[in-house]
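Visitor: Take the two lone chains, each set in its own frame, and fit them into one complex as the hints suggest.
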Amino acid sequence: AQSVTQLDSQVPVFEEAPVELRCNYSSSVSVYLFWYVQYPNQGLQLLLKYLSGSTLVKGINGFEAEFNKSQTSFHLRKPSVHISDTAEYFCAVSVLTQGGSEKLVFGKGTKLTVNP
Amino acid sequence: DSGVTQTPKHLITATGQRVTLRCSPRSGDLSVYWYQQSLDQGLQFLIQYYNGEERAKGNILERFSAQQFPDLHSELNLSSLELGDSALYFCASSESGYSNQPQHFGDGTRLSIL
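Listed in order, the protein sequences are those of chains A and B.
With the numbering used here, the residue at position 20 of the first sequence is 20, and numbering never jumps.
Numbering-wise, the numbering used here comes out as the position in the second sequence, counting from 1, plus 1000.
Isolated chain B (complex conformation) (with noise of 0.2 Å):
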């Protein structure tokens, strides 16, 4: 167990729909990262943030935003869904966002959209 928590496991919706991915970090990190895991695209960096602010971006979409809260939960927002954007997403968290730091990852939302 990672320590990292995400919500929910598994996320059906249909094309145009817009959808809402949570990630609670482990207990005592400041940065959270969210990745896509596709079968042609491998797994690809979107967004970091670190104590509720953007660090680092991306191949993130303009449809895509997320936020980082004041309780360090995140949240990754998927708008305007295409059948593309079906894929794994995965939250990581470490403790203080530098790449030297091992990211502890969670067990993923698998989005499909119909």
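One chain only, chain A, in its complex shape (with noise of 0.2 Å):
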């Protein structure tokens, strides 16, 4: 069964430092990676995605992630964060279901709290 883990379900930086927030998807399949920001009290907004091609992906606000087939993992990073960067990053992988469509299954977030 295809899962997704964000092993850090908290994670605190002081402003202007770097970050990086864990993802690791069980599959045997190809896939498709997604990393989603929720701002509170709003809906999730895509940052990134990863289909195929280059395994370093750039996505909105200055984050990037790295696909790593090997480690199944697809971790989230930015060089330098913003107080208004405080939200909530969902981590998601497309997997296909019992009647051959496709599903998006979300791991359970980590929220990131920056610090002034």
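Derived by calculation from the structure, the hints in this document are not laboratory data.
Backbone N, C-alpha and C define an ideal beta-carbon position, used for all residues, glycine too.
The reader is advised that the hints may include incorrect statements.
What the hints assert, rightly or not - What the simulated footprint calls covered on chain A by chain B, stretch by stretch (three residues with Cβ under 8 Å from a Cβ of chain B suffice, anywhere in the stretch; the number is not a length):
(1) 39-51
(2) 105-115
Claimed, not checked - Cβ-to-Cβ under 10 Å is the rule here; a few derived chain A residues that face chain B:
(3) 11
(4) 13
(5) 14
(6) 32
(7) 36
(8) 90
(9) 92
(10) 94
(11) 101
(12) 102
Claimed, not checked - Derived BS3-like pairs (lysine-lysine); straight-line CA-CA distance at most 30 Å:
(13) B:1057 <-> A:49
(14) A:111 <-> A:69
(15) B:1009 <-> A:111
(16) A:111 <-> B:1057
(17) A:69 <-> A:58
Guide: Written out as structure tokens, the structure is:
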């Protein structure tokens, strides 16, 4: 079964520090991987996605992620965070359902808190 | 602004009742998804529609049903409500419904069961 594990439920960092949010997935087939961000009282917004090709994916707001097939990981990074990056971040992987269609499976989320 | 509109934003009702949540997808998107977000279960996929037809089903209870209308808006019906149904319900849309496309999320409907 396909699953997504976000290893840290909460990550506190200071402003301008680097951050890495970890995501591991379990799969034996090709996957599409996504990171979404949820700001308070809002829906999810796509940060970046990996479909194929270069394993380093750049997204919005200065975030990037690296797809590592051998380690089944898709960690999200930002070299210098801002207060405005405080939000919850979700890793997601697309999976095939029993009926042959596709759906997104989300991790439990990581709450990033950026402190001044 | 994602372009996806969900109404109402908040809904408070009692156990045993029935409610309808409404979603208007982003202009041009043919596929609609419904998700439930709760503290204990996280974000769970419920059901997907594409151009009026059901395409994929997730962890949707039998008490819940959905449909997508010819104008592409969608409704999620929740009946015989229980305390555990209290959650944030999100609608998302995408252009064709394939998983390599990003989903655009609405701001959600917060359902509180008293």
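Visitor: Each hint: holds or not?
Guide: Right, here's what the structure says about each hint:
Check on the region 39-51 of chain A: 8 of its residues sit with their Cβ under 8 Å from a Cβ of chain B, so the three-residue criterion for coverage holds. Against chain B, the region 105-115 of chain A contributes 5 residues with a C-beta closer than 8 Å to a partner C-beta. That satisfies the three-residue criterion, and the hint holds. The interface hint given for residue 11 of chain A is violated, since its Cβ lies 17 Å from the closest Cβ of chain B, which is over the 10 Å cut-off. Below 10 Å, beta-carbon pairs count as interface contacts, and residue 13 of chain A has none with chain B, the closest being about 23 Å; its hint is therefore violated.
Hint status for residue 14 of chain A relative to chain B: violated, with the closest Cβ pair at about 27 Å, above 10 Å. This hint holds: residue 32 of chain A has a C-beta 5 Å from the nearest C-beta of chain B, less than the 10 Å allowed. Residue-level restraint check for residue 36 of chain A holds (minimum Cβ-Cβ distance to chain B is 8 Å; threshold 10 Å). A cut of 10 Å between beta carbons decides the hint on residue 90 of chain A: the least distance to chain B is about 7 Å, and the hint holds.
Interface hint at residue 92 of chain A: satisfied, since its Cβ lies 8 Å from the closest Cβ of chain B, which is below the 10 Å cut-off. Because the beta carbon of residue 94 of chain A sits about 3 Å from the nearest beta carbon in chain B, less than 10 Å, this interface hint is met. Satisfaction of the interface hint for residue 101 of chain A is found here, the shortest Cβ-Cβ separation to chain B being roughly 4 Å, below the 10 Å cut-off. Because the closest C-beta pair between residue 102 of chain A and chain B is about 4 Å apart, less than 10 Å, the hint holds.
At roughly 23 Å between alpha-carbon atoms, residue 1057 of chain B and residue 49 of chain A fall within 30 Å of each other, so this suggested pair holds. A threshold of 30 Å between alpha carbons decides the hint, and for residue 111 of chain A with residue 69 of chain A the separation of about 25 Å falls inside it, so the pair holds. With a CA separation close to 23 Å, the supplied pair residue 1009 of chain B and residue 111 of chain A stays within the 30 Å bound. Taking the CA atoms of residue 111 of chain A and residue 1057 of chain B, the gap is about 28 Å. The hint holds against a cut of 30 Å.
Of the supplied pair hints, the one linking residue 69 of chain A and residue 58 of chain A holds, its CA atoms being roughly 17 Å apart against a limit of 30 Å.
The structure fails hints 3, 4 and 5 (numbered hints given earlier, in ascending order).
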